[in-house]
Amino acid sequence: MLESDGDNNVQPDPVSKRHRLYFFALSALWQIGMVILYAVFTDYSAIAQARAPNAKEAGAEVDSIYPLYQDVHVMIFVGFGFLMTFLYKYGFSAVGYNFLISGFVIQWSILVNGFMDGAWDDFEANCEPLITDTGKAVNATRFCIEIGMESLVAADFNAAAVLITFGAVLGKTNPLQMIVVSILEIPFLALNENIGVIDFQAVDMGGSIFVHTFGAYFGLALSWVISNNKSVENSGNPHNKTTKSSDLFSMIGTIFLWLFWPSFNGALAPADQQYRVIINTVLALSACCVTAFAVDNLLRPHHKFDMVSIQNATLAGGVAVGTTSDLVILPWGAILIGIVAGTVSVLGYIKIQPWLEHFGLDDTCGVHNLHGMPGVIAAIGGSIAAAAAGESAYGESIGDVFGARAGENGIDAAAQARFQLAALASTLIISIGGGIVTGLIIKHPFFVYKGVKKGGGQARNYHICNFCHSSDETTFYDDAYYWEVPPSDGNE
Amino acid sequence: MLESDGDNNVQPDPVSKRHRLYFFALSALWQIGMVILYAVFTDYSAIAQARAPNAKEAGAEVDSIYPLYQDVHVMIFVGFGFLMTFLYKYGFSAVGYNFLISGFVIQWSILVNGFMDGAWDDFEANCEPLITDTGKAVNATRFCIEIGMESLVAADFNAAAVLITFGAVLGKTNPLQMIVVSILEIPFLALNENIGVIDFQAVDMGGSIFVHTFGAYFGLALSWVISNNKSVENSGNPHNKTTKSSDLFSMIGTIFLWLFWPSFNGALAPADQQYRVIINTVLALSACCVTAFAVDNLLRPHHKFDMVSIQNATLAGGVAVGTTSDLVILPWGAILIGIVAGTVSVLGYIKIQPWLEHFGLDDTCGVHNLHGMPGVIAAIGGSIAAAAAGESAYGESIGDVFGARAGENGIDAAAQARFQLAALASTLIISIGGGIVTGLIIKHPFFVYKGVKKGGGQARNYHICNFCHSSDETTFYDDAYYWEVPPSDGNE
Amino acid sequence: MLESDGDNNVQPDPVSKRHRLYFFALSALWQIGMVILYAVFTDYSAIAQARAPNAKEAGAEVDSIYPLYQDVHVMIFVGFGFLMTFLYKYGFSAVGYNFLISGFVIQWSILVNGFMDGAWDDFEANCEPLITDTGKAVNATRFCIEIGMESLVAADFNAAAVLITFGAVLGKTNPLQMIVVSILEIPFLALNENIGVIDFQAVDMGGSIFVHTFGAYFGLALSWVISNNKSVENSGNPHNKTTKSSDLFSMIGTIFLWLFWPSFNGALAPADQQYRVIINTVLALSACCVTAFAVDNLLRPHHKFDMVSIQNATLAGGVAVGTTSDLVILPWGAILIGIVAGTVSVLGYIKIQPWLEHFGLDDTCGVHNLHGMPGVIAAIGGSIAAAAAGESAYGESIGDVFGARAGENGIDAAAQARFQLAALASTLIISIGGGIVTGLIIKHPFFVYKGVKKGGGQARNYHICNFCHSSDETTFYDDAYYWEVPPSDGNE
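Quick mapping for you: the protein sequence lines, in order, are chains X, S and V. The working numbering applies: residue 1 is where the first sequence begins, and numbers increase by one. The working numbering applies: residue 1 is where the second sequence begins, and numbers increase by one. The working numbering applies: residue 1 is where the third sequence begins, and numbers increase by one.
Since the hints were derived computationally from the structure, they do not count as laboratory data. Watch out, some of these pointers could steer you wrong.
Where chains are identical, the list cannot tell them apart; a pair therefore holds if satisfied intra-copy or between any two copies.
Stated by the list, open to error - Restricting the straight-line Cα-Cα distance to at most 30 Å, the calculated cross-link-like pairs of lysine-lysine (DSS-like) are:
hint, residue 1, residue 2
1, K17, K304
2, K351, K17
3, K56, K351
4, K443, K17
5, K304, K241
6, K56, K443
Take these sequences, add in the hints, and give me the full structure.
Written out as structure tokens, the structure is:
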């Protein structure tokens with residue numbers, strides 16, 4: 001039976017206590033597995049080895065990439081983490097699981113990315129043998145995963161995708177389920193990215209296709225599968241709301257995401273492309289911010305701003321300009337993309353999301369509006385920009401920007417444009433497919449939180465009671481089922 | 001008639017709903033205008049062109065400026081944004097309008113700065129002609145605005161000035177009015193800066209004169225004009241207060257401003273000057289922080305600290321050292337400036353601001369204490385440092401620091417000192433003049449929020465009712481007139 | 001007699017008002033002393049002089065160190081500052097005194113570090129004479145403290161140590177006492193660091209020994225002395241608790257500390273070592289984060305997460321990997337260290353801290369769990385890594401990493417390992433000794449807050465009443481005794 005030990009803490013019965021421990025078992029197991037897999041398969045990248053000092057080169061790489069890496073790092077942990085604190089009873093979970101997922105995915109995706117790249121390379125031996133102090137090689141040249149600055153940036157990008165997915169199901173999953181999602185989503189993502197980048201030779205500097213679109217549609221498919229077609233009831237859950245203070249905490253996330261988006265789009269860009277990424281992304285985001293305010297003002301009841309638009313739609317320009325952020329889209333092109341993205345995203349929150357809910361598609365954070373549709377806009381914009389890319393804008397450097405167009409045997413602009421669309425198509429297919437598979441797994445009763453219905457006696461799956469209208473009967477959007485929660489005001 | 005739909009949301013009548021839409025009309029119009037003006041008048045700076053790859057140079061500029069640019073960016077959006085959340089019913093507006101204004105000003109001031117610089121240069125043709133794929137020039141060499149890292153930094157500086165102005169009128173203007181202020185303040189600011197920097201050849205590395213002093217006195221003049229000489233009543237408005245939580249949100253802003261001030265002062269400095277900027281600014285701010293605590297402790301009732309001093313006066317050292325931050329003022333000089341600034345700023349909050357209110361000068365955030373007086377201290381300090389600058393401290397490099405003193409025909413130290421004061425004088429004149437003009441425009445009933453007085457029937461200008469003593473009768477310091485506001489505590 | 005002027009503000013009698021002013025006297029005196037001491041003893045470092053322009057070198061140093069310095073700066077002011085806001089009635093003090101202490105220590109430790117280094121160097125003349133405009137040297141070559149980027153980073157490291165100490169006594173000291181602690185702790189710290197780094201030639205890249213271990217055990221000794229063996233009552237103080245909102249503010253600090261820890265560990269590392277620092281620290285922290293969630297889930301009642309573990313134990317990996325962060329511990333070694341640190345730290349919060357309280361050792365923030373034990377783990381790990389360091393991992397560069405092993409006369413691995421342990425031993429002795437001395441000084445009635453017991457008439461030392469069970473009778477964990485405190489909710 002549920003017993004309350006205060007206003008916020010509900011005591012679950014022994015069944016649910018034991019069930020909650022499954023999280024420990026899975027995460028501890030995986031974490032110990034990391035030690036073993038890293039010991040066998042990884043090494044520092046050549047530049048970071050002490051044996052063959054490359055101090056100057058290492059220093060140049062740190063000076064150049066590290067500040068942007070840290071910006072991206074802030075986006076992942078502060079940006080996504082606080083953005084999701086808007087639910088007034090789910091702040092600990094939002095920022096806490098965001099932290100957990102990211103720490104988990106960073107380790108896991110370095111491995112998965114490494115193996116996926118190895119698979120595309122027939123696991124070619126690439127690491128130096130180890131040399132003993134007596135000068136003997138103890139280890140033949142072997143395949144290994146070399147860890148450097150780029151691995152860390154890529155790991156943060158992968159974390160972003162899983163966090164976008166998390167946004168779609170925020171408040172409706174438990175930490176055990178999110179560890180399973182993290183484990184399963186990364187291989188799908190790495191597979192899709194290698195197909196898109198290596199096989200289709202698509203460009204996507206800011207990851208709008210391979211990170212944002214992927215994460216969003218994976219999450220939407222996942223949410224659709226686990227929501228049992230009852231999303232309208234979810235959105236009416238009495239815990240699914242904000243307070244003044246939770247909305248302000250959320251703005252901390254928004255602002256840091258907005259600020260550091262140029263670093264996200266440009267962290268791995270070569271120097272002159274990076275310069276364009278910065279200009280294009282700042283302009284697209286600025287235009288998107290103003291547009292989101294304007295359109296929200298136009299369309300909301302009483303023409304009052306709604307925080308959900310300001311927290312999210314202001315960022316859509318960063319996604320929508322991502323794919324083309326290093327291309328010669330010119331400053332006005334960046335501003336135009338920002339206007340389109342801001343408009344579509346606000347429309348998404350006001351018009352499209354309520355409509356999708358009637359089809360059973362529940363999306364707690366509205367990732368479809370912030371990452372899904374803007375990601376598709378980015379992909380289409382990338383295809384158009386690729387079709388238009390020619391001598392006048394790029395001169396000799398066209399092969400630096402579009403690798404497939406380099407040299408005598410390079411493909412032409414139309415072919416590049418088609419490949420861009422192929423990458424979008426494969427992303428939609430793999431992400432939706434992967435989300436459905438993952439959803440079918442995590443909705444298995446083993447992973448679902450078990451508790452008892454208030455007043456009832458028997459242990460049951462709370463999942464079944466997702467949509468109860470009484471706040472006593474739902475575990476959704478509520479920290480108290482997995483956290484010790486202090487009172488709201490300290491009983492002053 | 002006003003109808004309440006809960007504790008926080010007041011339903012305005014149709015007149016005010018329609019009026020609120022004017023914001024949409026103006027901001028959407030301006031945003032679309034941006035696309036057109038950018039298409040006609042702007043291009044990437046040469047370094048960011050793909051045609052003529054300058055990868056190494058572009059990379060060096062990004063590595064060198066971008067981390068400082070992002071620090072400044074954080075100051076603008078997180079620093080100013082959260083600093084202003086101290087009003088307990090105005091947090092959404094503070095961080096929201098700060099976001100809106102900055103996104104708007106970044107785009108607008110790149111254009112205005114470009115045209116103003118062009119005007120000083122007789123709109124000399126400076127952009128390369130566009131070349132088609134067939135090798136023909138489709139466009140003669142023409143005047144255009146080249147956008148690079150420095151444009152982005154300058155745009156953020158301009159945003160800072162408008163946000164300082166916003167601080168003086170915080171809670172007393174609506175978003176429509178703030179868009180008008182943003183549109184009008186930037187040309188005044190750019191005009192004044194070109195006069196000061198180009199005509200007077202004044203140095204002002206940290207923008208204490210051209211940004212802080214300008215923004216503060218523009219805002220004070222603006223506030224004086226729109227306040228109808230009733231500022232004492234404003235400061236007694238029942239919404240003009242803080243809570244524990246709003247004061248903590250505000251400290252997020254304070255701390256980020258304090259931390260990144262060396263980047264603000266040094267973002268555009270050449271390398272060795274930048275090194276001095278960092279040392280001088282860190283020392284001035286540290287001394288100012290300790291001094292603000294000490295003086296506040298001395299002067300407050302019961303010798304208890306007041307958050308308003310800690311949130312603001314701790315920062316005054318960054319403003320006061322701005323103009324001289326790259327000069328050889330020596331570490332002890334920087335500390336002394338910090339002590340003076342902290343003392344003056346706390347005195348400003350405790351003694352000077354209440355006194356100014358009796359003259360009808362209302363200043364919600366106390367920008368006079370944080371930006372106005374410290375800016376004037378910086379200007380005077382700059383003049384003294386210029387008068388003292390000679391061979392012993394600067395050697396050969398004096399012309400690098402004070403451009404006007406370079407070469408055989410360079411001016412002498414006394415002349416430089418006079419020019420510094422001339423720049424201060426023109427700044428005070430143009431900012432106060434510009435603020436008065438802008439205030440007269442935005443107090444026109446067209447721009448003022450229209451609603452109805454509670455219990456009354458007729459639509460009226462709320463501006464007229466600014467100073468009503470009942471919280472039901474004022475739109476001031478209250479999010480609810482332009483935002484959907486959730487409850488404070490989620491009715492747990 | 002105590003009179004209440006509202007819910008939060010207690011009016012102390014004239015005795016306590018006067019006593020509160022002692023803070024002004026000491027801090028103002030010290031701040032003015034800074035001007036004099038800096039004028040006599042400091043100068044810019046050679047690279048920052050305007051006379052001998054080294055623009056290129058200065059630029060390279062700024063580009064390379066400044067972004068990491070700013071990350072460390074964020075950790076000190078945002079990280080530690082907000083981390084300590086978890087006490088629901090002590091948020092202003094937490095973030096405010098953190099700000100004050102850091103601003104104070106930055107100035108003070110540049111001086112103390114400079115004199116301590118001078119003492120190890122027999123105060124050798126190292127500064128250039130000043131040259132007048134007529135070419136005469138007005139000042140013979142003299143000893144001075146040269147201020148550069150490294151001085152600023154070291155000053156922030158010293159601030160970290162004092163803030164860790166502050167964490168152990170959070171809520172139990174007044175600002176006057178904390179100024180005294182800041183003054184006294186820095187010489188002990190600088191002495192210990194010079195012994196460890198210069199005499200013992202110990203390596204400690206991330207300062208786990210000289211900053212974290214030192215600050216923690218200094219603080220624990222200090223807390224033990226001032227707590228009069230009544231720590232169990234402290235932990236039961238009715239103000240010693242959190243709210244949902246104070247816990248979220250605290251997470252802002254946690255996340256920024258976690259993010260920028262690689263910068264803390266690597267800010268002063270040479271380039272290729274810096275590269276390893278980044279990889280090792282990110283991996284250790286990621287593993288520690290996942291482990292802290294897992295172990296907390298295992299050990300807490302009902303297997304629910306507790307915010308105190310998530311806020312703190314997730315960071316222990318950064319401390320524990322600090323000493324070895326630049327060594328060739330390999331990626332799996334970093335992950336293993338993270339797992340050990342996360343486990344020990346959570347165990348510390350759940351099992352060890354309650355046990356220590358019975359010995360009179362009260363530790364408000366649990367710095368023993370976050371900095372103390374992980375610091376000792378780091379020191380032992382460093383000794384093991386030093387013992388294992390050989391040709392195979394380091395090749396020619398071993399002397400770059402372990403200075404004492406360079407050249408023909410270098411020491412061997414075993415000797416280096418012993419020196420590492422010697423540095424730990426001296427750190428424990430000096431920190432605990434220094435903490436006891438400092439505690440005996442600040443518990444003198446002169447420094448203790450004076451007030452009157454409610455209902456009683458006589459002024460008395462509140463220190464004596466630390467452990468009163470009624471919230472009316474204690475000044476502990478309560479802003480109201482030194483701050484004007486607004487209401488919690490604005491009486492909406």
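Against the structure, the hints:
{"no.": "1", "hint": "K17 with K304", "result": "between (45 Å within a copy, 8 Å between copies)"}
{"no.": "2", "hint": "K351 with K17", "result": "between (41 Å within a copy, 20 Å between copies)"}
{"no.": "3", "hint": "K56 with K351", "result": "neither (54 Å within a copy, 47 Å between copies)"}
{"no.": "4", "hint": "K443 with K17", "result": "within (19 Å within a copy, 46 Å between copies)"}
{"no.": "5", "hint": "K304 with K241", "result": "both (18 Å within a copy, 23 Å between copies)"}
{"no.": "6", "hint": "K56 with K443", "result": "neither (52 Å within a copy, 52 Å between copies)"}
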